[in-house]
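2 protein chains.
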Amino acid sequence: MNELLKDLRIVEFSAFVAAPLGGMTMAQFGAEVIRIDPIGGGIDHNRWPITDAGASLYWAGLNKAKRSVALALDKPEGRELAKAIATAPGPGAGIVLTNLPPLPGLDYASLKAARDDMIMLRLIGNRDGSAAVDYTVNAASGFPLVTGPGDGTPVNNVLPAWDVATGLYLTTALLAAERHRSRTGDGQEVVAALADVMLAMVGHLGYIGDVHINGRSRPALGNDLYGSFGRDFATRDGRRVMIIALTPRQWRALGRATGLADTLAAIGPRLGVDLDTEAGRFDARDAIAAIVAPWCASKTLAEIEQVFAGSGVLWGPFQDFATLVNHDPRCSTANPLFAEVEQPGVGCYPMPGLPLDFSAAPRQPTRPAPRLGEHTDAVLSEVLGLSAAEIGRLHDTGLAAGPAPM
Amino acid sequence: MNELLKDLRIVEFSAFVAAPLGGMTMAQFGAEVIRIDPIGGGIDHNRWPITDAGASLYWAGLNKAKRSVALALDKPEGRELAKAIATAPGPGAGIVLTNLPPLPGLDYASLKAARDDMIMLRLIGNRDGSAAVDYTVNAASGFPLVTGPGDGTPVNNVLPAWDVATGLYLTTALLAAERHRSRTGDGQEVVAALADVMLAMVGHLGYIGDVHINGRSRPALGNDLYGSFGRDFATRDGRRVMIIALTPRQWRALGRATGLADTLAAIGPRLGVDLDTEAGRFDARDAIAAIVAPWCASKTLAEIEQVFAGSGVLWGPFQDFATLVNHDPRCSTANPLFAEVEQPGVGCYPMPGLPLDFSAAPRQPTRPAPRLGEHTDAVLSEVLGLSAAEIGRLHDTGLAAGPAPM
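Read top to bottom, the protein sequences are chains F and A. The opening position of the first sequence corresponds to residue 1 in the working numbering, with each subsequent residue numbered one higher. The opening position of the second sequence corresponds to residue 1 in the working numbering, with each subsequent residue numbered one higher.
No farther apart than 30 Å at their CA atoms in a straight line, the calculated lysine-lysine pairs in the DSS-like style are these:
#1 Lys112/A with Lys83/A
#2 Lys6/F with Lys6/A
#3 Lys112/F with Lys6/F
#4 Lys112/A with Lys6/F
#5 Lys6/A with Lys83/A
#6 Lys112/A with Lys75/A
#7 Lys112/F with Lys6/A
In case anyone wonders, no lab produced these hints; they're calculated from the structure.
With the rest of the complex left out, here is chain F (with noise of 0.2 Å):
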């Protein structure tokens, strides 16, 4: 958290990763990021991971730091409310983020009516409207039939890689808008395919030319690097460690380190390779692996992480999500990205903040998600001017709910 765009107020309508990313990561720059949903959640609302009571860790780890406001958006005047929240006056404020098909009168152009400087961000699945999720994205990549064995069974990635890029992909753009409409009055409408930040991505990563210009693609090569030196070993007591040479300099310390230096040159000339170079290690990999493998297999991880310490060797052991949590002291509040929150209803535990630190703007306290509803009548109040009678109304007539008792 910090408080660098305080001054904007982004209303976001959305669900699952994507949008909410986006618009939380703006609520971590201090922006005022109201959320607004239907009345009893989004159908997002109860997603996995849950707790035992049922509430959801995701709804807490996407919402942080925002506003929640639940309004009956079945309803036109459920809408007309929403619509005037979005389309509230202030330079900082009408702007919208969202991921869900436009309700009537909630589209841009019904915006933009309101608001003649509207900014819109819109992701949608496919360009051409039909639906798509990181899910089916991703079976489209490429990626899933050279990840794994590359036996022609796709394996997912189980990180919602394209909604994570889609979310700050939105970020960029809502401030690169935002940068144009300070400058000359105009807001826009910007729209993002998620499928195109994936065929994007493919291409700019070198594997839409690998295809044209080479007639061939990457092959599925386990867990080793494509075009360098990478590959996991087993250690004497049961855990898995990666270990890389990209640059010349981590080849020597691979060397040097483990005393290997010597058996390891001696594959060059008899390969007629060179090691210097990344082509070189990655034709040699299975003979390097061949003299590496052994070595880590005589040593538990805790010799291996002594030896390679301040060695210059580029390496990492594998850990569960249990063992990072647990015993990884970056994922603790040892390091500042984390605080130790208490989300209402779920339980005190640590928080990340934005993984950026900024000189001129310093960490303010990690904010947990809001529950649903929580800001309802503050933003009624605040952002529209109603009166408390009014406030009273629309909760009477089922347009506006706060959040249920705890």
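With chain F held as given, fit chain A onto it using these hints.
Leaving out everything else, chain A in the frame of chain F:
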């Protein structure tokens, strides 16, 4: 490409994926992005994938629309030139993006001494300054041990997702810092640690809370979705498809389109779960899959495509890179994301622009990556105001270099 940020100048000292992607994203927004490399190229200049002639498709992919300057960064005079370019005057200039250890005289303090409102975005591995790359950060993240079969063998994601996310955090940070500078006159240093991006995302997605609050972790589930229904199925012609039902509407569409509605509905009472909830479909996933699998296995991909077209079923085929590039119309110039671009020394192929459409900033033609040193002379002349004679002397003394002859 658009021209939303054409008044910005960003100087990049970079290698590999994250910082180059960040810089290229800014270049595709129209910013002048000057990548300064050592003469002969940086450590990623020949990175795979490469063409048969040895040209790097990776370089071509991650440096599109940038300007390339080659200087003797190993000599004080070369570094002075780089510093002069980085700190040259202009309201949109004075921004450096780097993921390399700062060279003498090119650290933030030195740059700030030359230009007080300097903005420097610096990507490091771990917050403590120790090395970390996508592969080691990913190993630590927990994801490889829940990817694939979950038999204790880690499976690395082939997409460098942490690099991608970090590159896009950097673009967001750049615009936030530049916004601050344009309002206050103050520059700053922004530091992002690759490991922190991973840690933040593990937290945002709920996995830290899962361990802390629930004392458990998301298990490995193969290609199944966690907490809802989604699985991959084989078709009669040896392809595989991902079929998903996140929402009640998608769930009903699946039953309707396959004609299996009644059979699927019978699962609910039999197992005592509510199939209209995500958790219910997750609990019943094996029973659902047992009904859907033979249906898929009796049909070719084309037949499934026909049945699902317009049905509201959320699904998609797995395809390899070659199929994506050669047969998916989204990955061609039929999609405005792509343009056929001639990459000097490589050839002509479809290159993606920015995966974002701005209504107030029309899409401009995608530009290729520069050859190393292609803009050395132009930048020395335009940015530093050097004469042809002075530039000639820099070449003669080996302090600057243009592109190698092709």
